[in-house]
Amino acid sequence: MKIRRIVAIGRKETLQVLRDPRSLTIALLLPLMQMFMLGYGVNLDVKHIPLCVLDQEGNQRSQDLLKRFAASRYFDLYKVAASIAEVRHEIDGGACRIAIVVPAGFSRKLVDQGAATVQLLVDGTDSNTATIAAAYAGSVVAAYSGEVQLQAIQRRGGQIQTLTPVAVQARVWFNEDLESSYFIIPGVVALVMAIVGAQLTSLTIAREWERGTMELMVSTPVTPMELMLGKLSPYFVLGLVDAGICLALAVGWFEVPFHGTLPTLFFTTSLFLSVVLCIGYYVSVSIRSQVGASQVALILTMLPTTLLSGFSFPIDQMPALVQDITYLVSARYYVTILKAIFLKGATVSELAVPIFSLTAYAIVLVVLAARAFRKTLD
Amino acid sequence: MNAAPDSAVDVRAVSKRFGALAAVDQMSFSVRQGEIFGLVGPDGAGKTTSMRMLASVMRPDTGGILIDGVDVLADPELAKQHVSYMPQRFGLYEDLTVDENIRFYADLFEVPDKVWRERALRLLAASGMTPFGKRLAGQLSGGMKQKLGLTCALVHAPRVLLLDEPTTGVDPVSRREFWQILYALRAEGVSMVISTAYLDEAERCDRLALLHQGRIMYCDTPRKLKQGMPGAIILVTSAQPRPLLEVVQGIDGVEGVLLVGDGIHIHVDDAECRLPQLAQAIAASGQTAGGIRQIEPTVEDLFVALLERRQQTP
Ligand SMILES: Nc1ncnc2c1ncn2[C@@H]1O[C@H](COP(=O)(O)OP(=O)(O)OP(=O)(O)O)[C@@H](O)[C@H]1O
Ligand SMILES: [Mg+2]
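Which chain is which? The protein sequence lines are A and B, in order.
Numbering of the first sequence is given in the working numbering, commencing with residue 23 and proceeding in unit increments.
Numbering of the second sequence is given in the working numbering, commencing with residue 1499 and proceeding in unit increments.
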C-alpha cells in the first residue's frame, strides 16, 4: 500500500468535491434539513388530542377536574364513557389517544386522606404523542392539585403543608417504557448520519464509471485498498462536519442534555462514520450507475436504522428472531452509544461492548468494500 | 509462454466473446521494441476490446498476452507498471486542471517529483500546451484533450504505449503534432499499439493488422500490404465525383469503387487495359472529370479490396 497514491486520490477527490458547489451544498444542507424534519417528525408539539373521560365518582369535584381537561387546548373531549369497557373500546379503536378515569371515592379520599388517585390511560402506539399527552395530562392534574392544596391551606388557616393531593398514575398501553424526546433525538442523529454518510460515498465510484474515468484508473497500478482509502478520506472529513451539525442541533436546538465528553463522542462518531461511508462505497462499487447506487444506499441505511436500531421501536419488545437481526444493524450500536454519552455521560470503557462491536463492523466492512472493487471492465 | 527476445508485445490466439458475439477472434500478433503497430478496422471491428485486453483491464477468454516479457494474465498489476493506456473515450478528469491531471497520474505511477515535473514541461511544450496548465481539462478542445491524455500517459515513461483511436476528432494540425511526438517516442525505443479507423493514418504505422469482425485479416507493413494487393487502382479526379460512381460501376474489370476527397478510386483487375476503357466510358457519360491515372493503392483501397474479396468468397 502506497501512501502517495492514497494522498493523490484523496487530493483529486477533494478538488472534485470543492469544485462541485451543488453537491457540496447538498452534503451540508441535507443533514440540517433531515435533523429538522426527522427531529420534529418524532417530536411534534401535540395539540387537540382526542380525550375520553370516565367519571365513576360523578360529583362536583370530579366534574371540576374533568372540565379542566376539556378546557385545555391540548385535549378535545371526544367521548364521555359510561364504563371502563367503553374506555377500552375508544382507545383500542384509535378514536381516543388518552383517557382519564376518576375512580369512585375520589372526593372522599381527597378530603379524608388529603390525597387521591386518578387513572390516566394513554395509547402508546405512537410513543411520542403518548409521552407528550401524558406530560400534558400530568400538568393539568398538577395545576388542579395545586389549587386543591391551596384551598386546603387556606381552610387550615394559612399553614403551609407540602401535600400533593392528586397523583397521576400513568399507565401506558402497548409501549410500557415510554421514551421521551431526549431519547429520540440521539436516534435521529444516528439516522441522519447513516443516511448522509452512505449518500456521500454512494456516488464516488459509480460517477467514475459513468464519466469514463474509471477505465484509465484501473489501467494504473493503484490497488483497490489505496483507491478506497483515498476516496473515503475527503468524505470522512465532510461526514465529521455533518456529524458536528447534527450533534450541535441536538444540543443547541432540541435541547438534549449532554453529559458526556467530546473526545468520546468524536471517537465513537468517527467509528460509526467509517461504517456508513463503507456501506455507501460498497454500494457504489457494486452498482455502476449513480442513480441506482444512491437509491440502494438510501434504502440500505434508512430502513434498518429506522426499524431495527431501537430508536423508534424498542428492541426488547421485538420478536426474538428480529432482536437477533438487530445485532447486524450498525446504527443499533451507535444509538446505544449516543444515548449513553448524552444522557448518562458514559465513558469509552463503559461503552466497551458497543464500541468493540462497531469496530469489528468497521473492519469487516473496510475489507469487504475494498475487495468488492474489481480492477476490470468485465 | 516464451516471447521472442525483442518483442515488446506478444499476443497469442486471444479471443473474447460477449455472449454470442466474438468481439475478438483468435488474434495473434507481436510488436517489436520501438515499433508503431497499427490496429486498423471499421467500427465494431474489435479494436477497443483488443486494446483493453492489452491494457489488462479486460480478461481474454482464451489465449495469452505478454507485455515486455510479463504475462498479463498471470500478473496484470506488474504489467500495468510498464504500460500506458489511452482509452478511446477521454478518461481524464474534466473538473481538474491540466496540471492537476498530470500530477495525479505521476503520483499513481510514483514518478519522482523532479522527474515528472521536468518531463511534463517538455511534453506540454512539444504539444503546444504550455499556456494551458491552469485550464480545466473539460474546457480544452478535442485535440488538446487528446494531447493532454498523451502527456498523462507518458509522464511515467512507459515502455509500451497503447492508444485507442487517439486522433479521432482531432484537427489535422494537432494530428500532425501528435504523430511527431509518437515518432520521437519511437526513436527512444517506446513500443506502441495504436488503433485507428482512419486508413490514411494507418500508413504512418510501421506495421499494420487489418481487423474485421474480430479477426486479423492481414498483418504486414503498409508497403508489403499494398504490393500484395491484386489488381491496380485508378484515380479519377473530379470536383463532383459522386455521379461518376454510377458511371463506372458495372464496367468489366471494375472490382470496386471508393469515394475519396478529390475524386474516386477505381479498383480494377488490370490497369493497362482498363484505363482507356474507363476514360472512354466517362467521356461518353458527359460527366466532367479532371484527369485519370494509375496510382499507388492506399491502405484504404486495400481494405476495401480485401473486404470485397471476402464477401465474394465466403
Ligand atoms: N462490454 C461489451 N459488452 C457487449 N458487447 C460489447 C462490449 N464491448 C464491445 N462489444 C461489442 O464487441 C464488438 C467490438 O467492439 P469494440 O468496441 O472492440 O470495437 P471497435 O473496433 O473499438 O469499434 P469503434 O470503432 O466503434 O470503437 C462490437 O460489436 C461491440 O458492440
Ligand atoms: Mg473502439
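Keep in mind that the hints were calculated from the coordinates and are not lab data.
By construction, the Cβ of each residue, glycine as well, lies at the ideal position given by its N, Cα and C atoms.
Any given hint could turn out to be false.
[Said to hold, decoys possible] Just so you have them, the derived chain B footprint on chain A, three or more residues with Cβ under 8 Å:
1) 36 to 45
2) 242 to 248
3) 293 to 303
Numbers of the earlier hints that this structure fails to satisfy, in rising order: As far as the earlier hints go, only 3 is violated by this structure.
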